[in-house]
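Enquirer: Each chain, letter by letter, is given below.
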Amino acid sequence: MLEQQDYLADTGLATAAFLALRMQRPLFCEGDAGVGKTALATALAGMLGTPLIRLQCYEGLDAAQALYDWDFPRQLLHLRAAEAAGTVDADRLEQEIYDRRFLVARPLLQALEAGSGGRRAVLLVDEVDRADDEFEAFLLEVLSDWTISVPELGTIRAEVPPVVVVTSNRTREVHDALKRRCLYHWLPHPDVEREVAIIRRRLPEASEALATSVARIAALARGEDLLKPPGVAESLDWTEALLALGARSLGPAELDRAAASLGAFVKYREDQDRVAERLAEWAAAG
Amino acid sequence: MTTAAGTASAGAADELTRTLVGFARVLRAAGVPASPDRVHQTVTAVGHLDVCRRDDVYWAGRLTLCAGPDDLDRYDRAFTAYFGGLTAPPLRTVPPVQVLRPVAVPGTERPAGEGPDAEELPAATASEVEVLRHRDLAGLSPSEREVVRRLIALLDPVGETRVSRRHRPAYRGTVDPGRTVRTMLRRGGEPVRLERRARRVRPRRLVLLVDVSGSMQPYADPYLRFAHAAARRRPGTEVFTIGTRLTRITREMRSRDPSTALLAVSAAVPDWSGGTRLGELLKAFLDRWGQRGVARGAVVVVASDGWERGDATQLGDQMTRLARLAHRVVWVNPHRGTPGYAPMTAGMQAALPSVDDFVDGHTYDALQRLAALLAAGRGGGRRA
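First to last, the protein sequences are chains A and B. All residue numbers for the first sequence refer to the working numbering, where the first residue is 831 and numbers rise by one. All residue numbers for the second sequence refer to the working numbering, where the first residue is 35 and numbers rise by one.
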């Protein structure tokens, strides 16, 4: 299913996605940067034909930015308008102010409301480890009951729970309470064969030879303990860069072009030096 | 993947549950915290898949029972053992709890007269405490050590603070639009008063790397207790031990009682009193934890004598890397307090340029000063 969305998953990930859909559980993905955690959510959204609602986490993210916010200016306008019309019933006025139409939906509320009539929205909570602990508490209620309680309005419930993908880069340990509600999946780097297939699928103009060389070099570079081993995303970037430079394969003739475009592949100066040193040897082996 | 739940009879479902509960027990013994609610999820997950396919059962269990990359290896082993019909995997033998005795270790140069005292102190009086403060931690009698342990538990090594992205209501500061409008709404739309807000202040993360190799043996226990005091005072503190391997012991440090925590630590750390490969382990720490965020903007305390078995250049490189990530790097060396000590070991030489504060830690008094230093914030740093 995912393959139609140009996302090539292995058995583990396919099972994980299948169970997440069936059990209506969030999928908690961890793995090195660039192995396709975020791309998975995009592929799921494409597969279900629903919009992807993305919540990028950062420190200081609060309820007003993640769940909902009251539209204060509109509430004030409404008050003024009521005053001008001469309404004096304070109770009724207050009820009117705290109405759903004055509520601005942020990603989590959007995701709960987007699913209807059998269509399930896809919610991506990206890099949850960047948010602080306080944020996890908001997330818990949403992910376990698919509800959001707004004190002034009551509880908003999802008609159809969204498909949720939570990603983390492990900069800190996410609370167990959150993990318990999710299916946990660790995404490894793909093997050479799968990586070749991914590159070929995403960049059809890349030749089999070029894709194989890049995938082999990527696999070797990952074994080389670099500061930041390249992920699939970097392999794709590099292949694209090589294509842009007119390389059809990675033979001795293209080595200078490969070295010049290494910036797309490894992102630390120390790493670049090391890869550049071994590049000729690796390219020959590939 | 076909749904098997529909065809399975009630008896078979019972059988499946029993099998999975048994598997969970094996997993827990192997160190994966497979709680009952997780097992319940596994049963549901298997219900959606094909019970007879080994792969499906494997993935259903792995997705629901594991909680981190550390669990995956243990899960794999337990799975093969349980479903492969083999005997249970040999549990990692828990090393006997080591009471770190104050034995004279080569490398701890102490004047001859200052060895472990023969007389036992029944209880500590104020003046005795005063004397103990300045005694070398390596040369304490068991009862003295007990007193010092209690003193260490009372230390308050909370560190520096940083300005957070979150706001709090305040009397002075910038105008808080949200709260101002909310008050206006309550007062019928009149801007009666402006609400204000200010940035909240958060503590910086404290990361402690404690060397537990052979040459540090007499000091590892007090340092781990110091780490426990820090971890108890402020959640979010990360503690690691370095020896022949890097072990994260933050989880073990959660216990309220220092002795219970240390028991858990001694069970978790596989390499008490081995050699040290500081550079390599520091690299492991930075690769696995530090660069991802644990060390970013943190106050990092390395407690070690800098006795490097491996390549000192690597230690130097990794220290530079650490210094770039961390807000401040403090190195505690128990030998620094010894009269006539100079940081001559190759490891120490390589590390020093990247260290902000190089302090001694051989007495309780030194540890107390370390706690004060951590609280005082940046200052007096050696690093430019």
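Each hint should be verified, as a subset may be incorrect.
[Stated by the list, open to error] Restricting the straight-line Cα-Cα distance to at most 20 Å, the calculated cross-link-like pairs of lysine to aspartate or glutamate (EDC-like) are:
(1) A:Lys1009 x B:Asp107
(2) A:Lys1058 x B:Asp48
(3) A:Lys1097 x B:Asp107
(4) A:Lys1097 x A:Asp1055
[Stated by the list, open to error] Among chain B residues calculated to face chain A with C-beta under 7 Å, some are:
(5) Thr78
(6) Trp93
(7) Leu97
(8) Arg199
(9) Arg200
(10) Arg202
Keep in mind the hints are simulated off the structure, nothing from the lab. Virtual Cβ for every residue (Gly too), placed ideally from N, Cα, C.
Enquirer: Look at each hint and say if it fits the structure.
Expert: Hints, verified against the model:
1. With a C-alpha separation of about 18 Å, the suggested pair Lys1009 of chain A and Asp107 of chain B falls inside the 20 Å cut-off, and the hint holds.
2. Among the hinted pairs, Lys1058 of chain A with Asp48 of chain B is inconsistent with the structure: their alpha-carbon atoms are about 48 Å apart, more than 20 Å.
3. The suggested pairing of Lys1097 of chain A with Asp107 of chain B is violated, with an alpha-carbon distance near 30 Å, which exceeds 20 Å.
4. With a C-alpha separation of about 14 Å, the suggested pairing of Lys1097 of chain A with Asp1055 of chain A holds against the 20 Å cut-off.
5. A cut of 7 Å between beta carbons decides the hint on Thr78 of chain B: the least distance to chain A is about 6 Å, and the hint holds.
6. The restraint placing Trp93 of chain B at the interface with chain A holds, with a minimum CB-CB distance near 4 Å, inside the 7 Å limit.
7. This hint holds: Leu97 of chain B has a C-beta 4 Å from the nearest C-beta of chain A, less than the 7 Å allowed.
8. Taking 7 Å as the C-beta contact cut-off toward chain A, the hint placing Arg199 of chain B at the interface holds, the least distance being around 3 Å.
9. The interface hint given for Arg200 of chain B is met, as the beta carbon of that residue sits about 5 Å from the closest beta carbon of chain A, less than 7 Å.
10. With a least beta-carbon distance of about 12 Å to chain A, the hint placing Arg202 of chain B at the interface is violated under the 7 Å criterion.
In summary, the structure is inconsistent with hints 2, 3 and 10 from the numbered list given earlier, while agreeing with the others.
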